[in-house]
Each structure stands twice: as C-alpha cells, then as structure tokens.
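> Here are the chains, one letter per residue:
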Amino acid sequence: MLLEVQDLTKHYRIARGGILNRATDVLKAVDGVSFHVAAGETLGLVGESGSGKSTVGQMLLLQTLPTSGSVVFDGESQEYLRRNFRKSLMGKMQVVFQDPYDSLNPKMRVADIVAEPLRNLGGKSREEIVEAVGVVIEKVGLRREDLRKFPHQFSGGQRQRIGVARAISVNPKFIVLDEPVSALDVSVQAQIVNLLVEIKREFQIAYLFISHNLAIVEHIADRVAVMYLGKIVEVLGSGDLHHRAVHPYTRALIAAVPLPDPRNVKFDTVLKGEIPSAMRLPAGCRFNARCEHAQQRCFQDEPVLEDLGEGHHVACHFRLTIARG
Amino acid sequence: MPHPEVVLEVDGLKTYFDTSRGLVKAVDGVSFSLHRGETLGIVGESGSGKSVTAFSLLRALPGLSGRTVAGRVMFHGENLLTLSEEQMRRIRGGRISMICQNPNTSLNPVFTIGEQLRETVAFHADGKLTDASVRERVLRWLGEVQLPAPEVQAKRYPFQMSGGMKQRVAIAMALICEPEILVADEPTTALDVTIQAQILRLLRGVRDRHGTSILFITHDLGVVAQLCDTVAVMYAGRVVEYNDIKALFDRPRHPYTAGLMRSNPVFGSRQDSLHAMEGQPPDLIALSKGCAFASRCPQAGPRCREEAPPKVAIDDRHFFVCWLKDGAGGTHAA
Numbered sequence: 013m014l015l016e017v018q019d020l021t022k023h024y025r026i027a028r029g030g031i032l033n034r035a036t037d038v039l040k041a042v043d044g045v046s047f048h049v050a051a052g053e054t055l056g057l058v059g060e061s062g063s064g065k066s067t068v069g070q071m072l073l074l075q076t077l078p079t080s081g082s083v084v085f086d087g088e089s090q091e092y093l094r095r096n097f098r099k100s101l102m103g104k105m106q107v108v109f110q111d112p113y114d115s116l117n118p119k120m121r122v123a124d125i126v127a128e129p130l131r132n133l134g135g136k137s138r139e140e141i142v143e144a145v146g147v148v149i150e151k152v153g154l155r156r157e158d159l160r161k162f163p164h165q166f167s168g169g170q171r172q173r174i175g176v177a178r179a180i181s182v183n184p185k186f187i188v189l190d191e192p193v194s195a196l197d198v199s200v201q202a203q204i205v206n207l208l209v210e211i212k213r214e215f216q217i218a219y220l221f222i223s224h225n226l227a228i229v230e231h232i233a234d235r236v237a238v239m240y241l242g243k244i245v246e247v248l249g250s251g252d253l254h255h256r257a258v259h260p261y262t263r264a265l266i267a268a269v270p271l272p273d274p275r276n277v278k279f280d281t282v283l284k285g286e287i288p289s290a291m292r293l294p295a296g297c298r299f300n301a302r303c304e305h306a307q308q309r310c311f312q313d314e315p316v317l318e319d320l321g322e323g324h325h326v327a328c329h330f331r332l333t334i335a336r337g
Numbered sequence: 023m024p025h026p027e028v029v030l031e032v033d034g035l036k037t038y039f040d041t042s043r044g045l046v047k048a049v050d051g052v053s054f055s056l057h058r059g060e061t062l063g064i065v066g067e068s069g070s071g072k073s074v075t076a077f078s079l080l081r082a083l084p085g086l087s088g089r090t091v092a093g094r095v096m097f098h099g100e101n102l103l104t105l106s107e108e109q110m111r112r113i114r115g116g117r118i119s120m121i122c123q124n125p126n127t128s129l130n131p132v133f134t135i136g137e138q139l140r141e142t143v144a145f146h147a148d149g150k151l152t153d154a155s156v157r158e159r160v161l162r163w164l165g166e167v168q169l170p171a172p173e174v175q176a177k178r179y180p181f182q183m184s185g186g187m188k189q190r191v192a193i194a195m196a197l198i199c200e201p202e203i204l205v206a207d208e209p210t211t212a213l214d215v216t217i218q219a220q221i222l223r224l225l226r227g228v229r230d231r232h233g234t235s236i237l238f239i240t241h242d243l244g245v246v247a248q249l250c251d252t253v254a255v256m257y258a259g260r261v262v263e264y265n266d267i268k269a270l271f272d273r274p275r276h277p278y279t280a281g282l283m284r285s286n287p288v289f290g291s292r293q294d295s296l297h298a299m300e301g302q303p304p305d306l307i308a309l310s311k312g313c314a315f316a317s318r319c320p321q322a323g324p325r326c327r328e329e330a331p332p333k334v335a336i337d338d339r340h341f342f343v344c345w346l347k348d349g350a351g352g353t354h355a356a
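Heads up: the protein sequence lines correspond to chains A and B, in order.
Under the numbering used here, the first residue of the first sequence carries the number 13, and numbering increases by one thereafter.
Under the numbering used here, the first residue of the second sequence carries the number 23, and numbering increases by one thereafter.
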C-alpha cells in the first residue's frame, strides 16, 4: 500500500474571546480519519465546506501537523518524513492547488516555477534540470517557448497546466489535487481533467483528488471517500457512487447535484438545515439533525465505518435497511 | 408556453471598458426580452459579458472605467438608460432588484438584518406604510426565505450568520418590495451544493407564488436546466444562441453551446475521457474580425475567420448566430 492513514485528527483550540478569558473551545476539523491509497490509484475525497477534506490533504503534505494519528507513506512513517522532509517527501509527494492565480509566484518565470521542486531536491545538474523542465512542459501541452514567460501571460487553464508540470517534474508517486479544476471555466475544466487522467496512466501516479464536484470525482476517481464534519461517512467504488451509495448524507449530496436536463427537474428531495459547527458537535451521529432516517439511537451512539463488502464501507446505524431499499 | 407580456426589453446594449491594454468591448450588442413570470438564464464563462450585462441594465457598473455606450433597456415604456439617477434609485431595489454571488455585497455589516430590511421597505414605500406594517412585512419575508425564527434573525448582524443564511437574507431584501424583475448574478456559485439546492427551490417557490420575472446569470448548465424557461448563451460579449430551455438541451445549435454541453461531465454517466473544448477563452482585446469562437470551433471554415456570422432564426423569437445553416453538426451556408 502506498499510503496508509490511521485515525488522523486535527483539533484546533479556539479562544472564546475576551482578553482575560482563557477558556478555549476545541474545533475538531478532522476527527479520526482512516483510509489507504494504492500505488497508481485515485481516491476521491468529497465533502462540503467545513468537512475537513482540505485539512486531510494539508496533513499528508506536512503543511499542517496532525494532532494525533499515523501516516505511513511509501513504507516510511510520517515521523521519519518529518525529519527528512525534503529528500523523502518532496521527491515522492506533490500538490496542485485550486487557484492557478494564487499558487504561482507572479515574479518568477515559468521555467523557474517548474524547476523549483527539482532544484530543492538537489542531485541534478543544471543541464539535467533544464532538460527535465522542457520535457514536462511539453507533457502538459505547453511549448518550450512558454518557459520564458511569466504567469500573468497565461489563462487560468494554462496556469493550471504549469502547476501540473511543476508537480510531475520530480516524477512523484503521489499527488494531492486540492480542487484542481474548481476555479476554471467549464470549457477548460475538461481539458485539465483529461490531462490529469493521461498523466496518471502514463506515470502510474496515485492521486488524492479533493473536490466538491461529484460528477468530476465520479469520472476521475477509482474509489470515493465522503467526508462530513471531520469524519469519513462512506467509502465506495466510484462506479457505485451513483446507484449504490447508502449513507443518507452521500445520498443527499447526490440528490442535490443539479442535472443538466430540463426534462428531469427535481427539487423535492432537498436536504434540510446546514452543516453544524465543528466546535459543537452533536452527540451520536454527526448527521443526525439533518437525516430523514434518524432514530433515537442516532442521537446516542456514534456509528463507525462498517464493511458492506466489495470495498464498500458505511458509518450508519441503518445501513442495512437503507441498502435493502 | 405563452408569455403574455414583455416586462423588460433590452436592445443593442453595448458596454465598453477602458483598460491599460486597450478598449474592452465587454458587452457588444446584446438584445433580449423578458416576459412576465419568465426565468431567463444568461449563460457564459468568465469574460463572456454576462455579469456586465446585468450590471449595465441596472446602471450599477462597478468602477469608473465602464460605460454603456449604446442600446436601450425598455421597462414599462421608459428607457432605463436615460432616466435620472434619482428616478433610477426608485426603480433599483424596488421594481427591479438584484442579488449577487457574494451576499456581503448587499448587506451592511454594522446594521442588524431587521434594520436593513426595514430601511429598504421604508425607502421604496415613501412613507406610505406604518411602522407596524413595515415590521410585519420584514418578518413575513424572513419567514418566506425559510429562515427559522424570524424575530430572532431580525436582531442578528450579518457576521453572525453562515453564507447560506446571508444569501437568504439578501434574497429577502431583494424581494421584500415585491419587484417585477429579479436580477440574480450567480447567486448560488459560492454555496455548497446542498445549500444551492435549498436556494434554487426557494427562488422557484417565490417566482411561482409572486409571478416574479427572473434574469438568472450563471455558468452552470445544471442550474440553468433546473430553473430557467429560456436561455441566452453569451460568448465574447454577444448572445450566440437564444432558445427555449428544452429545445436548447435537445438540440444546441451554436457549436459553442454544443461544445459546452459535451465538455460538462454529467453525474451518473461515467465516460472514458471527457470531450474537451479546444483552446482558451477569448481575449477581448484581441478579437478576430470574424466569429469570436472560430479559433476553437471544430467546424470553422475560412469564412468564419473573415466575416461576422449572421443571425439564423430558429422560430419567430429564437435564434443562433453562426455560418452553419443548421447549426452544430450541420453544413456551411452556400
């Protein structure tokens, strides 16, 4: 297994306010998340704002340190990686961010942006780096001449290609893609999604694809993990997402996707309420207040992920009733 | 479906911006009509001119560099573009109102929700309503947008609410004077999908109960299909296709519309690879002389790059703008 995550948590202490008030609340952004990613596999991580999906990605990249839990990546524990960060992690794990306008340094030429991870990693001559940069920039569909330009000379989609080139320059095993196409126009989104699929196939790179867009996740991911309020509530094959999802939250997310079909207008199954504060988590199941299936038990016992077979895991007391339809 | 009465007629609207790189023709000759009770979707990507169109007809262009240089916006026999600023203020927020992508644009952070709604009602009622009836109306509309416990909400400040709740308040503020027309500029784009579904249902309910006409600006084909009756597709400052919602989805005529639909992944139908549209969105400063879409169009011929394409009628009201005589998939006109 390329990546094994066990019981990962990230808790933040938040001051209640007032200069003399030392009391704090605990915001449980990620609260006990376990999953794995195989080599060359794409795991989609889906959820709404406040679900903790981006925090998970940041912890894998060591941009945020976990409160507790363990991460084993490519056979090495994260403790080890933390001490040998550059050599061990940067060469194997990379990231592409959502906003192609904010994530590229506007004062650097494209050549330097793409070469940066290679230079930081060390061990390559100038000539080797120049050659490698030339290869990846063509791989993402730009031209070698473009390396002399600055980010502002490119459109959003082209900038995201530059971000992808930078990520693949070190030939990583794993890329965290944090909403990589959400800021792009629809006509350009498909180009970048196709590029990511091609690159994954050619280089056998595993992805953690973090997104709120179910249609794109269904398309690009092999498996999907759905997060709600800091927990994974369901994991299943992306081909099963549409018809075999069981968790009432997953089903509500699916029902809320506006279908581009004017003959199939549906808004009768609208999820009520909003995601509660991660500082005041409800007792029992975190989804209980919004759930149409909720019974007394859901307000007392917190459900854990249970195996439904064929890699399908659900955290719901009523999973069997719902799965039977 | 008969649309009895035209409530807004936009004709040849042009809005240009002076920029350091040159003149940007953000809206370059846009015409459409909006009927009573109709929801017209204006669909386009960034730089298509869809939002500038909305701001132009309300004469609320942000910044100083933009100006509407031509066209008419007829509302009950009056051209909104030639009214005085005072007359326009009476219409804006009263008979025509607007909601934006970011609800903070319409809300003042230092007043409570209740105070802001009361002020809006009082301004447009011109002292004709008693304090009690203003208060009653505020609470009724907070309930209408499905905010729980309106009396409590009215005393809260915007920062005490979530994005979805603020957008509900912004909708209440836009609708509280019972406008004939609601201009909605990407009102659900910044919201989570479950909250988006709630807001869309809310807008549909309000429209059906009050007969409001809605001009709905969006980039999301799914949202358009779920809400609109008619669609105007914009590209590079112009309407390239204008059709009834079902006819548009059954058979998109403009190659841009067809490409947009194909490249949009549909949930529940996995494909091996997506049909990506070629190229990048147009640079409005360096538009070619022919069709603005020609460089990305899979069916572009030599003429498309030289001459502006003609308007082709679909029926007496609807059209597309293209050299292909039957539209996408068809052959070039002789």
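Think of the hints as simulated: they come from the structure by calculation, not from any bench.
Check before you lean on any hint, since a few could be wrong.
[To be verified] Listed below are the simulated DSS-like cross-link pairs for lysine-lysine, each with C-alpha atoms no more than 27 Å apart in a straight line: (1) A:284 - A:151; (2) A:119 - A:136; (3) B:188 - A:284; (4) A:278 - B:268; (5) A:161 - A:136; (6) A:40 - B:268; (7) B:150 - A:284; (8) A:278 - B:150; (9) A:185 - A:212.
Remember, it's a predicted structure, so these values are computed and weren't measured experimentally.
> Hint by hint, note whether the structure agrees.
Now for the hints, and whether the structure bears them out:
The straight-line distance between the Cα atoms of residue 284 of chain A and residue 151 of chain A is roughly 46 Å, outside the 27 Å bound, and the hint therefore fails. In summary, the hint linking residue 119 of chain A to residue 136 of chain A is supported, as the alpha carbons are separated by about 24 Å, within the 27 Å threshold. Proximity of residue 188 of chain B to residue 284 of chain A is assessed by CA-CA distance (about 16 Å); at most 27 Å being required, the pair is judged to hold. This hinted pair checks out: residue 278 of chain A and residue 268 of chain B have alpha carbons roughly 15 Å apart, not beyond 27 Å.
Pair hint residue 161 of chain A plus residue 136 of chain A holds up; C-alpha atoms about 24 Å apart against a cutoff of 27 Å. Taking the CA atoms of residue 40 of chain A and residue 268 of chain B, the gap is near 46 Å; set against the 27 Å cutoff, the hint is violated. Our distance criterion of 27 Å between C-alpha atoms is broken by residue 150 of chain B and residue 284 of chain A, whose separation comes to about 38 Å. Using a Cα cut-off of 27 Å, the hinted pair residue 278 of chain A and residue 150 of chain B is violated, with the two alpha carbons roughly 41 Å apart.
Only pairs whose Cα atoms come within 27 Å are accepted, and residue 185 of chain A paired with residue 212 of chain A is accepted, the gap being roughly 10 Å.
Violated hints, in rising order: 1, 6, 7 and 8; the structure is consistent with all others.
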